[in-house]
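If you read the protein sequences in the order shown, they are chains A and B. Residue numbers for the first sequence, in the working numbering: 1 to 496. Residue numbers for the second sequence, in the working numbering: 1 to 496.
These aren't lab readings, by the way, just hints derived from the structure by calculation. Among these hints, one or two may not hold up.
Said to hold, decoys possible - Listed below are the simulated BS3-like cross-link pairs for lysine-lysine, each with C-alpha atoms no more than 25 Å apart in a straight line:
1) Lys245(A) x Lys335(A)
2) Lys59(A) x Lys76(A)
3) Lys245(A) x Lys308(A)
4) Lys30(A) x Lys451(B)
5) Lys26(A) x Lys362(B)
6) Lys26(B) x Lys451(A)
7) Lys308(B) x Lys245(B)
8) Lys306(A) x Lys245(A)
9) Lys245(B) x Lys30(A)
10) Lys451(A) x Lys245(B)
11) Lys40(A) x Lys26(A)
12) Lys451(A) x Lys451(B)
13) Lys362(A) x Lys306(A)
14) Lys30(B) x Lys59(B)
The residues making up each chain are set out below.
Protein chains: 2
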Amino acid sequence: VLYKGTENWEEVVGRIRGLHTDTLRKLAGKCEDRFMAGQKDHLRFGTDSWSDFRLTTGKPCCEAGDAVYYTASYAKDPLVNYAIKICRSKVKETQQQFFHSLAVRQSLALHFNIQQDCGHFLADVPARLLPWEEEEDNGGEQDKEQEEAEGEVEKKKTKEPSEKTATTTTKEEEEGLLVAGQPAHVGGAGTLRSRVVVITREVPFQTVADFVREGAARHARNPDLYERQVCLLLLQLCWGLEHMKPYHVTHCDLRLENLLLVHCQPGNPWNLELLEPNNNANAAAAAANAGTCPARLIISNFSQAKQKSTLVDPGVLKDQSRLAPEIITATQYRKCDEFQTGILIYEMLHQPNPFEETPELKEREYTCADLPPLPARSLYSQGLQQLASLLLNANPSERIRMADARACLQCLLWGPREDLFQALSSAPGPAQRDATLQNWLDLKRTLMMIKFAERSLDSGSGVSLEDWLCCQYLAFSSPETLARVVRILQQPPTQL
Amino acid sequence: VLYKGTENWEEVVGRIRGLHTDTLRKLAGKCEDRFMAGQKDHLRFGTDSWSDFRLTTGKPCCEAGDAVYYTASYAKDPLVNYAIKICRSKVKETQQQFFHSLAVRQSLALHFNIQQDCGHFLADVPARLLPWEEEEDNGGEQDKEQEEAEGEVEKKKTKEPSEKTATTTTKEEEEGLLVAGQPAHVGGAGTLRSRVVVITREVPFQTVADFVREGAARHARNPDLYERQVCLLLLQLCWGLEHMKPYHVTHCDLRLENLLLVHCQPGNPWNLELLEPNNNANAAAAAANAGTCPARLIISNFSQAKQKSTLVDPGVLKDQSRLAPEIITATQYRKCDEFQTGILIYEMLHQPNPFEETPELKEREYTCADLPPLPARSLYSQGLQQLASLLLNANPSERIRMADARACLQCLLWGPREDLFQALSSAPGPAQRDATLQNWLDLKRTLMMIKFAERSLDSGSGVSLEDWLCCQYLAFSSPETLARVVRILQQPPTQL
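All chains, please: the whole structure from these sequences, using the hints.
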């Protein structure tokens, strides 16, 4: 059947196009299965598992906005690494916020770029694992007393909810959260504090804030690479945020320190072999394959998240029906993540948040012309400037939607580029324009297919995260979606 | 540069075609590197290595026409398996033949389907490893005496050539060729016989003779699968024989028992993990990936091989200049392997050698109509019948060339098939015919590329031997080569 009509060239070309598209969609699905292999198993650890976790080192692997992460292994599955997230607890609301964020997160379906929770509970944590509290304690005696008083209050309170605190015996004190090969008394394991603890599978190695800080010199030295990496991280952020839209969830606290980075090994996400120094050949091959994507980005800290309930009380609905839209919370926050993503573009490119620099900006009806320009340092700067302006539009209904922002980033990363834009603008009509875009897509899909084919014979780790992200783009684009993005990116600034 | 001219559809299609062709050629090369990974390292074991080899089992892994093979490991590299080939030595000429075959084989460049020698020497072999000799010994006392007398003569003679016999001390007797974990005295290790021993990297598990014998029931049960496997083995045979043509080497003793089969794991050819019973999931995935190709075929036993010297003595050349071509040995044997390949087709399809059945056939000027028909059991039977007739042509100059036989097998395996032949015969002219074949090739190349792309995300062993063989075909075919093969396969029998 496949070879029927082989005489007709146009039919053959159409069939090759169809095969490429179908295969890329299939491959994108297979990539998802592979990259999310561990995450799709439903794991749930309770208080009773607490004593089976061992820290692999005594130092945090990542210090995020709302929590500190430690790498740990689970006694019943010692080859897999987990992260133990210990929530910071300066403010009294921690727990309440935590249970709020938990409820929001649990309403969302699994996503590659949203933190997944494999269990959470109140646990007694050795004070040595809470170094920031000690620092704070040393900072002021008054604070310390207050903190301790709060701790007491907290501890009493926390016994009340259905979530049971892991009770600590001396035995557990020695076993629970012992650093492998280190005696229990090191670091004053004797002092315990009750904290909200979350177990996650993805072990973050830094936050985007760390990445940006460490990247300052790299940004100057190799702006094309650094800004491309920024685009890849922003793209993942947009994917995660776009995923939340159908659930009517808005994060509302998108900051560099709430975005985590996780090393990404497809297929065997916990295979440390590639990271070991005595496996240099493999590591080099893996690094070459990994492309420019620095890591998997994970959105964390949903404590400020807003969710528009889908089950609205009819009485409330009637009351709201006469209110201006900007007054209703859920509507108010609808385009909040888009705005914050715009600020993140500035911050990731080592520029200050324009609204922190010029607070009066928000007081007046600013236009994109009032926003500080991003320095043109790379191939990507101009496009990121355009995207930031579209995201920071003062008028939420004119502000670009998350899905369009994501499509803009895809276009900045993988094209079409300037040269094709010019060919498009000189195209006599929309049919010719669509044909050009279809040809571009055919060529890109062929190249993508070749890349996958060559990966099958690579000795490295195979398909990289960047391959997957690019495959998603090419598999689900059409001349129409491409034309839309090109139009958005070409909008003259005066129209913004 | 790549995206210049994206407006022009024909240009884009042409570029996609070029990309596919170039990539398939690159992939075919990468496959070769991978499948021949071990073989390309130049290994040479001498007599001094003999005591470092240990048999992994006491039973032969393969009993071939000219030798018996044992699996062995080498003390200095114990994870890699080698085969120890112990030449059968009933006839006095063994050694002379062996050194002849060695000279012929060493004149050939490495090839995937030709046995490679990693070292050879005269060695004292425990009699228990020569079970056939014991059988023969028990058969007649007279033979035994003669054999022993011969052995004595041999042993004296063999000290003479530059090749030194591995001298045996009692210590070596215990160490050399010890079966792992088995005391040296088991099986009468005390008796030693001097034999020609060859070390090869490829461990055969059976000969094609065994495959054919064991395949009789399978041939009846699943003729399409069995006959496809026969095509894949014949294709490898043709590749090996075609490789010998530029070296003017003719094997002249192509028999089922001189063709060895070796398990083929690309990349890690000695990784036994996949074969272990406790690794069923991997083994199943590997089997699914491996396609229908039963094994790698290796041409062995060059004892009857003829080589036309490229440096011909001018005097000899002058003498030969007045002789009829069929009298000159090298010319006489030029198409001998083609003829024997034709006989092998009959034998592999469980039919007797036509010339053994009807010896008088050769006495008269037979035509293909005189050859017994092959039963039409599968998709491949008719094509194999045609190919056998072409190979068994009584007139060597009309007999099909090895390269064309190879191309016929490729066409039988991967198309084009009957349906396209019909479309071609109704094509108005050669331009339309070439266009149809080019379209067919474009489609097949796309499918091959997709297969490789999907392999990159398979959890099995990746690219199979059949993938490589098919990739070679599609990468190096053109409408012209395809048209030639279609013409050959469509020749009416009367023209043969």
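query: Which hint numbers does the structure go against, in order from smallest to largest?
result: 5, 9, 10, 14
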